[in-house]
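*Asks:* Add chain P to chain E, keeping to what the hints say.
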Amino acid sequence: MAGIAGGFFTFFGLDAGKQRALLGLRLRLMRRQFQREPGKMAGFLTFLIFFGPLVIVLAIVSAYAYQELPGVWPAQVMGIVLCLLWLAWIILPVFAFRTNEGLDLARLLIFPLGRRDLVASALIGTLLDGPSYVTLPFFVAMIVGWIATPALLLILLPAIVIAYCIMMASGQLVLTTSTGLLRSRRFRDLTIVLLSLLGSSCYIVNRGIEAWLRAADTSGLEGLEPLLYLRWLPPGACAQAVASAGTGAWGEALLWLGYAGAWLAVLLWAWWKVLERMTTGASAWNLPLPEAKKPSRPRTRLSDRVAALGFGWLPAPARASMVKELKLIWRVPQRRIGLLQSILAPFVLIFAVFFGDMSALRRLPEWTAMGLPAIILFAAWGLSSNMLGMESRGLGTLILTPAPRWQIFAGKGIAYGLVALIPTTFYAAILGYTARSPLIIFGMIAAAGTALTVIGVNMIACIYITFPFDESVTTRQRSGGSCATGLAQVILLPIVMAIAGLPTTVPMAAGIWFNLPALVPIGAFAGFTYAAILFVWATRYAGRLLTAREPEVLMAARLER
Amino acid sequence: MPAIEASQLTRVFDQKTAVDHLDLAVDEGEFFGFLGPNGAGKSTTIKMLVGLLRPTSGQARIAGLDIWQEPLKAKQLIGVLPEGLNLYERLTAREYVRFVGAMYGLPDREAARRTDELLDILDLENDADKMVVDFSQGMRKKTALAAAIMHTPRVLFLDEPFEGVDAISGRAIRNVLQRLRERGTTIFFSSHIMEVVERLCTRIAVITQGRLVAQGTMAELRALAQTGESGTLEDVFLRTVGATDEQILEETQRGLSWLE
Numbered sequence: 071m072a073g074i075a076g077g078f079f080t081f082f083g084l085d086a087g088k089q090r091a092l093l094g095l096r097l098r099l100m101r102r103q104f105q106r107e108p109g110k111m112a113g114f115l116t117f118l119i120f121f122g123p124l125v126i127v128l129a130i131v132s133a134y135a136y137q138e139l140p141g142v143w144p145a146q147v148m149g150i151v152l153c154l155l156w157l158a159w160i161i162l163p164v165f166a167f168r169t170n171e172g173l174d175l176a177r178l179l180i181f182p183l184g185r186r187d188l189v190a191s192a193l194i195g196t197l198l199d200g201p202s203y204v205t206l207p208f209f210v211a212m213i214v215g216w217i218a219t220p221a222l223l224l225i226l227l228p229a230i231v232i233a234y235c236i237m238m239a240s241g242q243l244v245l246t247t248s249t250g251l252l253r254s255r256r257f258r259d260l261t262i263v264l265l266s267l268l269g270s271s272c273y274i275v276n277r278g279i280e281a282w283l284r285a286a287d288t289s290g291l292e293g294l295e296p297l298l299y300l301r302w303l304p305p306g307a308c309a310q311a312v313a314s315a316g317t318g319a320w321g322e323a324l325l326w327l328g329y330a331g332a333w334l335a336v337l338l339w340a341w342w343k344v345l346e347r348m349t350t351g352a353s354a355w356n357l358p359l360p361e362a363k364k365p366s367r368p369r370t371r372l373s374d375r376v377a378a379l380g381f382g383w384l385p386a387p388a389r390a391s392m393v394k395e396l397k398l399i400w401r402v403p404q405r406r407i408g409l410l411q412s413i414l415a416p417f418v419l420i421f422a423v424f425f426g427d428m429s430a431l432r433r434l435p436e437w438t439a440m441g442l443p444a445i446i447l448f449a450a451w452g453l454s455s456n457m458l459g460m461e462s463r464g465l466g467t468l469i470l471t472p473a474p475r476w477q478i479f480a481g482k483g484i485a486y487g488l489v490a491l492i493p494t495t496f497y498a499a500i501l502g503y504t505a506r507s508p509l510i511i512f513g514m515i516a517a518a519g520t521a522l523t524v525i526g527v528n529m530i531a532c533i534y535i536t537f538p539f540d541e542s543v544t545t546r547q548r549s550g551g552s553c554a555t556g557l558a559q560v561i562l563l564p565i566v567m568a569i570a571g572l573p574t575t576v577p578m579a580a581g582i583w584f585n586l587p588a589l590v591p592i593g594a595f596a597g598f599t600y601a602a603i604l605f606v607w608a609t610r611y612a613g614r615l616l617t618a619r620e621p622e623v624l625m626a627a628r629l630e631r
Numbered sequence: 088m089p090a091i092e093a094s095q096l097t098r099v100f101d102q103k104t105a106v107d108h109l110d111l112a113v114d115e116g117e118f119f120g121f122l123g124p125n126g127a128g129k130s131t132t133i134k135m136l137v138g139l140l141r142p143t144s145g146q147a148r149i150a151g152l153d154i155w156q157e158p159l160k161a162k163q164l165i166g167v168l169p170e171g172l173n174l175y176e177r178l179t180a181r182e183y184v185r186f187v188g189a190m191y192g193l194p195d196r197e198a199a200r201r202t203d204e205l206l207d208i209l210d211l212e213n214d215a216d217k218m219v220v221d222f223s224q225g226m227r228k229k230t231a232l233a234a235a236i237m238h239t240p241r242v243l244f245l246d247e248p249f250e251g252v253d254a255i256s257g258r259a260i261r262n263v264l265q266r267l268r269e270r271g272t273t274i275f276f277s278s279h280i281m282e283v284v285e286r287l288c289t290r291i292a293v294i295t296q297g298r299l300v301a302q303g304t305m306a307e308l309r310a311l312a313q314t315g316e317s318g319t320l321e322d323v324f325l326r327t328v329g330a331t332d333e334q335i336l337e338e339t340q341r342g343l344s345w346l347e
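Here the protein sequences line up with chains E and P, keeping their order.
Positions 71 to 631 (the numbering used here) are the ones given, in order, by the first sequence.
Positions 88 to 347 (the numbering used here) are the ones given, in order, by the second sequence.
This is chain E alone, in the form it adopts within the complex (with noise of 0.2 Å):
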C-alpha cells in the first residue's frame, strides 16, 4: 500500500516522505485540537447530527435528479451544484468562516519543500476539513446519478476531481488574499456584528425572498439552459464536460476538461503567489506608517460626559468601573452583538406579529405593559451573565487593585441596568405610542425592577459560576466552564431569577389582573423599592464573596491556550 501511494507522490513529481509527514503533522493537530477543546467535538458531532442528514437528503435527490431528469437537465443540474458548492467555499472565508483547517503554509515555508509538495500537501489536507465532508456527498450522488453510464465515468470521474480541487484552490486563494483584510480588527469586528445581524433579521429576509417569489415570472423556466452561462466558470466547465460526453461530443468534452484543468492551474498559481507575497512582502501589508509625534489636544472624555449626566456622586472606582463597561459593551464585537440584537429584537418580534395588520397594534390589551418586564429580562440577564468571566484578560487588572469589589460590581450593576433599558424605552415607546395607556409608565417601573434584580441575582452567581470567555477569537466565542457551571447556568439561575423577581411584577400584575387600578402603581413602585434594596445588598454581598474567592474566580475565568 505504501508502495502503490508513494508509486502515485512519485508519478506526480512529489516526495513522498515529505507528503507522509505532512500528512501526519495535520493528522496529529486534528486530533489533538479535538482533545484541547471537547466543545469542538462537541460542536462538529452536533453539526453532523443536524446538517448531515440535510445534506444527505439533498445529495440524494441530486443523484435522483442526475438519473431520472429528462434532456440536457442532469448536466444542467449537476452545473449549478457544482457552481453552487464553488461561490460557497469563496464567501465563506470571507465571513471569516474557517472553510480550511489545515496547516499554515506561511509557517511551512521556512522550510526547504518545493512548491508543488506544498500545494499538493494542502489540496490532500483538504480532506481532512470539516466542510470537505459536506461537499463530498454531492460527488458522490454524481457518480451515482451516472453509473447506468460507465463511459461516461471516464470524463465525470476526472471532471470531479477538478471541480474539487478548483473549489478548495479557490477557497484558499480567497482565504490568503483576504488574509491581509482579515488582519484587520475593525473588519473582523464589523463582520461579526453584520452577520449576526443578518441571522436575527432572517425573518425579514425570509418575507423579502417570500414576496419576490411570488412575484416572479416562472413561465419561462423550461427553457431555461443555466449551462450555457455556467460553462464558462471553472466548475460549470466541468459539468460542461460530462454534458458534451453525454451527447457522444468526446472531443469536445476533453476541451471543456482542459478548460478547467487550466482554470485550475491558474487558481493554484495565483495562490502560490499571493502566498509568498503574504509571506515575503508583509509590509505590504497592514502595517503603520511610521507616524509623526501628535501634539496632545485635550478632549472630551465619556467619563466627563457620564459624569456630567448625573452619576459624578459615584465613588471614582465604580464610576471608572460603569464606564469601562459601558465601553466594552460596545467595543468587544461578541457583546455588541447582544446589545445591538436585543434592540433589534423588539422590532423584528413586532414586525413578525403584526405583519400585514399593523392597525392591530392599537387594540392590544392594557396588559401589553407587562410585556416590558419580559423584554427587560432577557436584555438584563444577557449583559450581566458571566460578568466577572467577561473580563477575560481584564479580570487580573481588576483582581490586583485595591478598589472596594462592591463599588466594581456597583459600577458594572449600573451600566448593565442603563443599556438594558435602551431596547425597553423603544419598546415602551412603540406600545406607549400605539396602546396609549399609562400603565406603560408603570410596566417601565416594574420592568426597572426587574432588571434590577437579575443583574443583583447574576452579581451573586459570577462568584460560583464563572467560565472563560476570549474576545480575541472573532470566528466564534469560545468558552468555557464545566457541566457544573452550565447546568447551573441554564436551570439553577432562571429559578432563582424568578422566584427574586416575583416581588416586582406580581403587585403590579395583580392590579391589573383583578381589575383594582390602585394597586397598579402602588405594587410597581414597592416591586421596585424592594428591586433596588436587594440591588444594593447583592453588590455588598457580591463584594465581600469576591474578595474571599479571588484566585478561585481567576482560575476559573482563565483563559487555556
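Derived by calculation from the structure, the hints in this document are not laboratory data.
Just so it is clear, CB atoms sit at the ideal spot from N, CA and C, and this is done for glycine as well.
Listed below are several chain P residues computed to face chain E (Cβ distance under 8 Å; list not exhaustive):
hint, residue
1, LEU139
2, LEU140
3, ARG141
4, LEU159
5, LYS162
6, PRO169
7, GLY171
8, GLU176
9, PHE186
10, VAL187
11, TYR191
12, GLY192
*Replies:* Then chain P, alone, in the frame of chain E:
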C-alpha cells in the same frame, strides 16, 4: 519591617510542588532581582505575593500586611506588572491607564495628568488612543508598566519587564525604575536578562525547582558560588542552579553525536 516577606510559602499543583517552603525578606527601597531557570517557580511566587494565586501553605506580607488577610489594604501599596499582562484589550492605552488610576482612587484630573506624562515618557503618546488589541508585545508591556506605577506604589512587582521591549524603551523603563527606587519604592523583579539584573539590583535571589538556593548582594553571591571577583551574574547563576559551563558543553557534545 520588610517591604516584602514570604514565610514558608508553598504552592502545589496536583502532584508538582511549584514553590517549596520559600522564605524571603526584601527591605524597603531595595531593588531585588529574582532569578531562576524556566519553570523554576518565579511567576508562581510573584502571583502568590500579590494575591493572584492562593498558596497551599505559608504567608505573604507586604509592609507587614498579610496579602490574604487584608488584601485591599495590601494591594493599595503595590503595583504589579504580571506575567500575562492582564490588559483590557478593547480599551485604548490612555483609557486603560486612567481606569487603573481611578481604581486606585486617584482623582480624575490627577490620573489624567499622570497618564499623559507616563505615556509620553514611555514613548506611547502617538499610540495612546489606539486599542490595546492592536498593540505589539512591547507596547503592551509599556502600557502595563505605566498602569503599574501610576499610583506611585510602595512596592513594585515586575515579571519579566524587559522581555519583548526594544532598546530605547528598555532604557526608558530602566530610568523610570531608577527614579522610583530613588524615591523609596521597593522593586521586586524577575528577569532572564542577567546584565540588567546585575546592573540594577542591590540584592538577588535565585530559585530553582521551587526552592530558594541563594540570595544576597552580588559580592555575596560571587563568594557563595566561588566564581571569584570577576565572576559575572551568569556564572553565579549557572553555578547556583547546578549547571556549569563544562557540564552544558559535555551534555551538548554527548547528546549530538551526529555533529561529530
